[in-house]
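Undergrad: Sequence:
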Amino acid sequence: MATNAGAAALAMGAALGSAITSAMSSSSSAPHPATATDASPAAAAAVPSAPSPLVATPRAAAQPGTAAASPGAPAAALASAARGPVVGMAAPEALKRRARQLAPEPVQGVVTPSPLGPAGGRPAERGADVAGAPSARRRVRGAAADGADAGGASVDVAPRADAAEVVAPSERRERRNRSRDARRTRAAVRLQAATRAALARRRVASLRERRAAAAALRALRWWWFREPNSPWALARYVTLYAPGGVLVLCVAFGALLAALEGWAMGTGVLYVVSLVCGLASPLTDASPASAAGNALIMLVAPWAVALVGLLVGLATSLGALGAALGAYEAAVSRGVRALKLACAREPPPPPPPSVGARGAHAVERARRDAPPARTRRALPLRWLNAEALAFGGMVLVITPAAVMAASAILGLSIAHEEGWALSDGALWVMGSMAMLPNPLTAVMPVTGGGMVLGVLNALYTLCAVVLVFSISAQLSAVSSFAAWWEAGVLRARPRLSFVALMLASLPAVLLLVVVFGAILAEWEGWPVGQGVLFIASILGNLGNPLTDIEPATFDGGVAVVIIASWTMSLMGCWLGVAGSLALPLASVKAIERASRAISAPVVNATLGATQRGRMNARAPSAPATPVKAPAGPSAQARAPLGVTAVLARARAPLAVRVARRVAFVSFFLLTLPACVLAFCALFGAIVGAAEGWAFRDGFLYVFSNTLGLPNPLTQVSPTSDGGMAFSILVGTLAIISISTLMGSVGLFVLMRELFGDGAPGEDDELEP
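Just so we're aligned: the sequence shown equals residues 7 to 774 in this note's numbering.
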């Protein structure tokens, strides 16, 4: 029994040895691994599906008709390799490397499980398991070549399906970051596209709202106020609307004056044009002689002052002048900043880099021994203010240059028509534009064409004066001075700041009169007293000048025009200051409240009766279908803004609008003429008592000088020194008062948007 068992064991050992020898000989005779990848699908299907650490694929097993190796051969090979190296086998390191790389070749497009780990994982790693990856094949071929170089048998192995899974952690993080960045980029692109679409929709809705609002406001505003901020609106206003409106008023009042005086209609129109435009050389020598004519002139002259204030307010409300003036002041500010930087002292040299103690001592010693560096001397530019420089440039340079250029352009046409020299035409227009009491030339238009051109030149001269007033009133230095005066000088009593400013302006204006008069007298060779009287007549715009002398040279006429231009600019500055102080603002509000208290009951009663009549007329008809409001605040915000809503937002209640118009009309037609007449009566009585005149002569003298009538209503003139000095004082007070009244008229336009039906103001308490 034991002998049979031993024989059986020996037979089994011999069979096992022959099997191992045949397996190794077949492995050594196998071709290069490059040809092993071309095995047929049948051979691939013959590979066991269960994962194994070592799968041998002999060449004979892949060919039909050959016997396959026994199933125990791989196990025997592993056992033999574990016991030690066998002749004809590869080294253990090569076998281990092959074992890590051996795997059945998957079918095209089918993901196979990984023998080194569970299947699945990240999408990028699972996608790398697809068969046919060239990187996996290259790694398999390289591994087989390494095994052949190690001296062992070359084994035909299949590429591993999960070869792409074996990547470095840094590469995985990089892939993950790239994937995250790609997702974020796509999300950002989608968000940007959605934002653009939303902005486009909102822009379209906003454009519709603006168009609806513009249409509604155009329906509310006067017809010349369309596109108020456009430069073309200002151009149309200066060239068409303002001259046309003034001409219509002059024709109406000229016809009425001609009917009262028995003149021809043309004479009356020329007289009123000369009066309203303030011509130094009137277009006619006629003068009213009847009491009715004088009474009409006493109303028309204050209305002309109010008309100038109205034109100034309208020009300021257009916005184009403010935009141009803002650009000019910004340019001046940039120039001042650049000048200060250019003239500043050079900055000290930068400190040396950080060095040790010995290095610091060496640097300090070298700096002490070096010659002093030459630096530029800093100019004292701290006092230079951009607002003050812009004010000086506009008043002292730009305004006189613009006045002379406009006078030359306008005077060219009338000089060509009348056959004058160009200098005579320019001086004729300059005298009117500068509102001089004495003309600079003796020529006068006599032909029909010359009269027409004279009227047109007078109207455009008035528009130029309006522009000068408006620009000077909007300067930043003017508003800054008004704020400083009211908040810094008289902080406790802001209502008294206006009175204090008037009292402080008198000596300042008289000082300017003396300085300019002395300069002009030296220029023309006059006595200093005559020069002072001439400048006082110009500054006060006196209808009866205090002296009859006139500049004899063209240079003297230009100097007079420059001084008169400065006077106009100062009047415009006073307009801006008066409109910024508390007392004029409070006066305008008080006038509006008083007019509202008078007109509101009548308006409310009329409006209530009208509404009741409309309701009674609609009573028999079927009730209107209620309009369903959008649900939710977001839907209401998205709802388009209709014309009705625009009208409701833009228009003040009817009682407020009527009160504003009543206040303006009452101030324009009644309050302002009453103030002017009271002023003239008071100071006319004083001048008449000082000169021994009748009250009528003193009143007409002050009235003619205050309003600058080209044809004064009386020929009397003061002869004593006291009378002349008092006339200068009265003229100074008159020009300040007239400027204040013009500024008050402009406030009605600028504060309450008189012709625009603005929204209710802060004082608008309305009755139901």
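The hints are simulated quantities; they were obtained by calculation from the structure and are not laboratory data. Since this is a predicted model, take the numbers as computed values, not measurements. Certain hints may be false.
[What the hints assert, rightly or not] List time: in silico SDA-like cross-link candidates among lysine to any residue, alpha-carbon distance up to 25 Å:
1. K595 - L502
2. K346 - A414
3. K346 - L327
4. K346 - G399
5. K595 - L676
6. K346 - L390
7. K346 - Y334
8. K595 - R702
9. K595 - L462
10. K595 - W490
11. K595 - A489
12. K346 - L502
13. K595 - F674
14. K346 - G332
15. K346 - A336
16. K346 - S486
17. K595 - A470
18. K595 - C681
19. K595 - Y466
Undergrad: All hints, please: hold or fail.
TA: Do the hints match the structure? See the list:
1. Simply put, K595 and L502 have alpha-carbon atoms about 17 Å apart, close enough for the 25 Å limit, and the pair holds.
2. For the proposed pair K346 and A414, the alpha carbon gap of about 38 Å is over 25 Å, so the pair is violated.
3. Only pairs whose Cα atoms come within 25 Å are accepted, and K346 paired with L327 is rejected, the gap being roughly 29 Å.
4. About 18 Å separates the Cα atoms of K346 and G399, which keeps this hinted pair within 25 Å; it holds.
5. Between K595 and L676 the CA atoms are separated by roughly 17 Å; this keeps the pair inside 25 Å, and the hint holds.
6. Simply put, K346 and L390 have alpha-carbon atoms about 9 Å apart, close enough for the 25 Å limit, and the pair holds.
7. Between the alpha carbons of K346 and Y334 the distance comes to roughly 19 Å, so the proposed pair stays at or under 25 Å and holds.
8. Annotation: proposed proximity of K595 to R702 is violated, straight-line Cα distance about 35 Å (limit 25 Å).
9. Between the alpha carbons of K595 and L462 the distance comes to roughly 37 Å, so the proposed pair goes past 25 Å and is violated.
10. Restraint check for K595 and W490: satisfied, since their Cα atoms lie roughly 23 Å apart, inside the 25 Å limit.
11. Using a Cα cut-off of 25 Å, the hinted pair K595 and A489 holds, with the two alpha carbons roughly 20 Å apart.
12. For the hint pairing K346 with L502, the CA-to-CA distance comes to about 39 Å; that exceeds 25 Å, so the pair is violated.
13. Distance restraint check for K595 and F674: the Cα-Cα separation of roughly 15 Å lies within the 25 Å cut-off, and the hinted pair is therefore satisfied.
14. At most 25 Å may separate the alpha-carbon atoms for a hinted pair to count; K346 and G332 meet this at roughly 21 Å.
15. Taken as a hint, the K346 and A336 pair is honoured in the structure, with Cα atoms around 15 Å apart against an allowance of 25 Å.
16. Pair hint K346 plus S486 holds up; C-alpha atoms about 22 Å apart against a cutoff of 25 Å.
17. Taken as a hint, the K595 and A470 pair is broken in the structure, with Cα atoms around 30 Å apart against an allowance of 25 Å.
18. At roughly 18 Å between alpha-carbon atoms, K595 and C681 fall within 25 Å of each other, so this suggested pair holds.
19. The straight-line distance between the Cα atoms of K595 and Y466 is roughly 33 Å, outside the 25 Å bound, and the hint therefore fails.
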